[in-house]
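Read top to bottom, the protein sequences are chains A and B.
Here the first sequence stands for residues 104 to 436, where the numbers follow the numbering used here.
Here the second sequence stands for residues 123 to 339, where the numbers follow the numbering used here.
Hints in this document: simulated from the structure, not taken from any laboratory.
Given the structure is predicted, the values throughout are model-derived calculations rather than measurements.
Any given hint could turn out to be false.
[Stated by the list, open to error] Derived, one-sided and incomplete: chain A residues facing chain B with beta-carbon distance under 10 Å:
| id | residue |
| --- | --- |
| 1 | Q188 |
| 2 | F190 |
| 3 | K207 |
[As the list claims (entries may be wrong)] Dumping the calculated SDA-like pairs for lysine to any residue here, alpha-carbon to alpha-carbon at most 25 Å:
| id | chain 1 | residue 1 | chain 2 | residue 2 |
| --- | --- | --- | --- | --- |
| 4 | B | K334 | B | Q278 |
| 5 | A | K179 | B | Q278 |
| 6 | B | K239 | A | L152 |
| 7 | A | K210 | B | K334 |
| 8 | B | K246 | A | V211 |
Here a beta-carbon is modelled for each residue, glycine too, at the ideal position from N, C-alpha and C.
What follows is the residue order along each chain.
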Amino acid sequence: MIRLENVIKHYQTTEAVNDVTLTINQGEIFGIIGYSGAGKSTLIRMINLLEKPTSGRVFVNDIDLLSLTTKELRSKRRKIGMIFQHFNLLSNKTVFENVAFPLKIAKVKKDIIHARVMELLALVGLTEKANSYPSQLSGGEKQRVGIARALANHPEILLCDEVTSALDPETTKQILYLLKTINERFGITIVLITHEMAVVKEICHRVAVMEKGKIIETGYVIDIFTSPKTRTTQNFVNQITDLNAEVLTYEKLRSKYPDGVLVKLQYINDNVEKPLISSLVKVFDVDINILQGKIIPTNNGSYGVLYVQLTGHDITEALKHLETLGIEVKQLD
Amino acid sequence: MTELDWQFMFNALKETLYMTLMTTIITFFLGLGLGLLLYFSSKREEPIFKLVNVLISQTINILRAIPFIILIILLIPFTRIIVGTILGPNAALPALIIGCVPFYARLVMIGLNEVDKGVIEASKAFGATNLQIITRVLIPEALPAIISGITVTCVQLVGYTALAGAIGAGGLGHLAYMEGFQRGRNQVTLVATLLLLVIVFMIQFIGDYITKKVDKR
Numbered sequence: 104m105i106r107l108e109n110v111i112k113h114y115q116t117t118e119a120v121n122d123v124t125l126t127i128n129q130g131e132i133f134g135i136i137g138y139s140g141a142g143k144s145t146l147i148r149m150i151n152l153l154e155k156p157t158s159g160r161v162f163v164n165d166i167d168l169l170s171l172t173t174k175e176l177r178s179k180r181r182k183i184g185m186i187f188q189h190f191n192l193l194s195n196k197t198v199f200e201n202v203a204f205p206l207k208i209a210k211v212k213k214d215i216i217h218a219r220v221m222e223l224l225a226l227v228g229l230t231e232k233a234n235s236y237p238s239q240l241s242g243g244e245k246q247r248v249g250i251a252r253a254l255a256n257h258p259e260i261l262l263c264d265e266v267t268s269a270l271d272p273e274t275t276k277q278i279l280y281l282l283k284t285i286n287e288r289f290g291i292t293i294v295l296i297t298h299e300m301a302v303v304k305e306i307c308h309r310v311a312v313m314e315k316g317k318i319i320e321t322g323y324v325i326d327i328f329t330s331p332k333t334r335t336t337q338n339f340v341n342q343i344t345d346l347n348a349e350v351l352t353y354e355k356l357r358s359k360y361p362d363g364v365l366v367k368l369q370y371i372n373d374n375v376e377k378p379l380i381s382s383l384v385k386v387f388d389v390d391i392n393i394l395q396g397k398i399i400p401t402n403n404g405s406y407g408v409l410y411v412q413l414t415g416h417d418i419t420e421a422l423k424h425l426e427t428l429g430i431e432v433k434q435l436d
Numbered sequence: 123m124t125e126l127d128w129q130f131m132f133n134a135l136k137e138t139l140y141m142t143l144m145t146t147i148i149t150f151f152l153g154l155g156l157g158l159l160l161y162f163s164s165k166r167e168e169p170i171f172k173l174v175n176v177l178i179s180q181t182i183n184i185l186r187a188i189p190f191i192i193l194i195i196l197l198i199p200f201t202r203i204i205v206g207t208i209l210g211p212n213a214a215l216p217a218l219i220i221g222c223v224p225f226y227a228r229l230v231m232i233g234l235n236e237v238d239k240g241v242i243e244a245s246k247a248f249g250a251t252n253l254q255i256i257t258r259v260l261i262p263e264a265l266p267a268i269i270s271g272i273t274v275t276c277v278q279l280v281g282y283t284a285l286a287g288a289i290g291a292g293g294l295g296h297l298a299y300m301e302g303f304q305r306g307r308n309q310v311t312l313v314a315t316l317l318l319l320v321i322v323f324m325i326q327f328i329g330d331y332i333t334k335k336v337d338k339r
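Given only the sequences and the hints, what does the whole structure look like? Please build it.
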C-alpha cells in the first residue's frame with residue numbers, strides 16, 4: 104500500500120505538487136491523469152523519492168520512506184520498479200545486460216541472474232533479442248525491455264511514467280495488456296501517469312485527476328466516466344465519449360434532424376446488456392433514431408454513451424422511464 | 123646515406139614512444155578522475171561542490187591557456203624537484219602530463235554530460251549507489267567519447283613530445299631539431315618527421331577502431 108500525506112514540492116518559482124494526500128491500495132492499477140505541467144511526473148517520483156518532497160510524508164507498506172537512511176532507501180527502491188516514457192535503457196549494453204542491470208547492482212549471483220533474465224525475457228516475449236542492442240529494437244520492444252528490467256528484483260510496486268506516450272496506438276494496446284497481465288499474475292501494484300483517458304479506461308481500477316499540483320478528483324474509473332465532478336475531468340472523459348467533433352456537432356445534428364428532441368444517454372453495467380431501446384419503443388409511443396453510440400469497457404465494468412433522436416407523443420414519459428432505470432439522460436437542446 | 127644513423131633514430135623513436143605511452147596512461151586515469159569530479163560537482167547545489175567546481179574549472183582554463191612551450195619552462199623548478207633532472211624523457215613527463223590532463227578532463231566532462239539523464243535516473247530508481255552509477259552507467263555509456271577523447275589528446279601529445287624534445291627531453295623531436303636542423307642534416311629531419319606522422323596515424327587509426335567497436339548507439 105502506498106500513502107502520500109500532504110506532500111508538497113516547491114521548485115524555485117513554482118509549486119509542482121501542492122498538498123496531495125493519496126492512498127493507493129495493494130494490487131490495484133492506479134492511474135494519475137493530468138495535462139502536462141499538472142505535477143503528475145513529480146508526484147510519481149515522490150513514491151520512490153527520486154524527488155524529495157519539500158514537506159509531507161511518503162509511506163510504502165507503512166514504512167516512512169523519508170525516515171530511511173540512504174542505504175535503506177536504496178534497498179527499498181529495489182522493490183519499486185519503474186518504467187519510463189523514453190525507456191532509459193543503457194545504449195551500449197545488450198538487452199540481456201539491460202535486464203540484468205538491477206540484479207547486478209543488487210549483487211545477485213551470476214547463475215541466478217542468468218536464469219532470472221531469461222525468465223523475464225520469455226515473459227515479455229523477447230527471448231530472441233537477448234543479444235541485440237537497444238538501437239536495434241522498435242519502441243514497443245524497448246518498452247518491453249524496460250518492463251523486464253523493472254521486474255527483475257521482484258518488485259511489489261511498478262511505477263509507470265507516461266510509458267505509452269512515445270508509442271503508436273497498436274503498440275500502446277500491447278504494452279497495456281502486458282501491464283495488466285503482470286498486475287493480475289503477480290499482484291504487483293501499478294501506478295501510472297498519463298494524459299490519455301484511453302490508457303486509464305483500458306487498464307486502471309481507480310484514477311486520480313490532477314491539475315495545477317492538486318488532485319481534484321479521485322474515484323473508480325467507471326464513476327469518473329459517469330459522473331465527473333469537475334470541468335477538467337469532464338474534458339478527459341470527453342476524449343473518449345464526445346461526439347466526434349469533426350463529423351458531428353450539435354448544430355450539425357440539429358440541422359440534419361430537426362424533429363423531436365436530441366438526447367445523450369449514459370448508462371453503466373447491467374443496463375448495457377438489456378434491450379433498452381426496443382422495450383422503450385414497445386411501451387411508449389416514441390420513435391428512436393440512434394445517431395451515434397459507444398460502449399466503453401473499463402476495468403470496473405462497461406459504460407455506454409448513446410446520442411439519440413426521439414420523436415412521437417410520449418417523449419417526456421419515455422425519458423422519465425429511462426431515468427428510473429438508472430440511465431443518465433441529458434437533453435442536448 | 124652516411125648522414126643517417128639508424129641506431130640514433132631507433133633510440134629517439136623509443137624515447138618518443140615511451141613519453142607518449144607513459145603520459146597517455148597517466149593522463150587517462152587522472153583526466154578521467156578529474157572529468158568525473160567536474161561532472162559531479164557541476165550537478166550539486168551545495169556551496170562546497172560549487173567551490174570545487176569553480177576551482178577545478180578555472181585551473182583547467184588557466185593551464186589550457188598557457189602555451190605548452192612556456193608551460194615546460196615554468197615547470198622547470200618543479201621538474202627538478204620531482205624528477206631530479208631537467209633532461210631526458212622522464213624529465214618531460216610532468217610537463218606533458220600537466221599539459222594533457224586538463225584538456226582530456228574537459229573532453230571527459232563533455233562526454234559525461236552527453237549521457238542521457240533518464241538512464242541515470244533509472245539507475246537511481248533501481249537502487250544504484252553513486253559508485254555503481256559511475257562504473258556501470260556513466261563510464262560505459264560515455265565510453266565512445268572517453269576513447270575518442272584520449273585519441274585526440276594522444277595525437278596532440280605526440281606534438282608536445284616533439285616540442286619537449288627540442289628543449290632537452292630527447293625523442294624524435296630532439297633528433298629532428300638538434301641533429302637535423304641545427305647541423306643542417308635535412309634527411310634526419312625528414313625521417314624523424316615521417317616517423318612522427320606514422321605514430322600519429324597509428325594512434326588515430328587504433329582510436330577510431332576502438333571507438334567504433336564500443337559505440338552501440
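Going through the hints against the structure:
The beta carbon of A:Q188 is positioned within 10 Å of a beta carbon in chain B (closest approach about 8 Å), and the interface hint is therefore held. Because the closest C-beta pair between A:F190 and chain B is about 8 Å apart, less than 10 Å, the hint holds. At about 7 Å, the closest approach between the beta carbon of A:K207 and any beta carbon in chain B falls short of 10 Å, and the interface hint on this residue holds. For the suggested pair B:K334 and B:Q278, the alpha carbons sit about 21 Å apart, so the restraint of at most 25 Å is met.
The straight-line distance between the Cα atoms of A:K179 and B:Q278 is roughly 48 Å, outside the 25 Å bound, and the hint therefore fails. For the hint pairing B:K239 with A:L152, the CA-to-CA distance comes to about 16 Å; that is within 25 Å, so the pair holds. Under the criterion of a C-alpha separation no larger than 25 Å, the hint pairing A:K210 with B:K334 is inconsistent with the structure, at around 30 Å. Of the supplied pair hints, the one linking B:K246 and A:V211 holds, its CA atoms being roughly 17 Å apart against a limit of 25 Å.
Violation of the numbered hints given earlier is confined to hints 5, 7; the remaining hints are satisfied by the structure.
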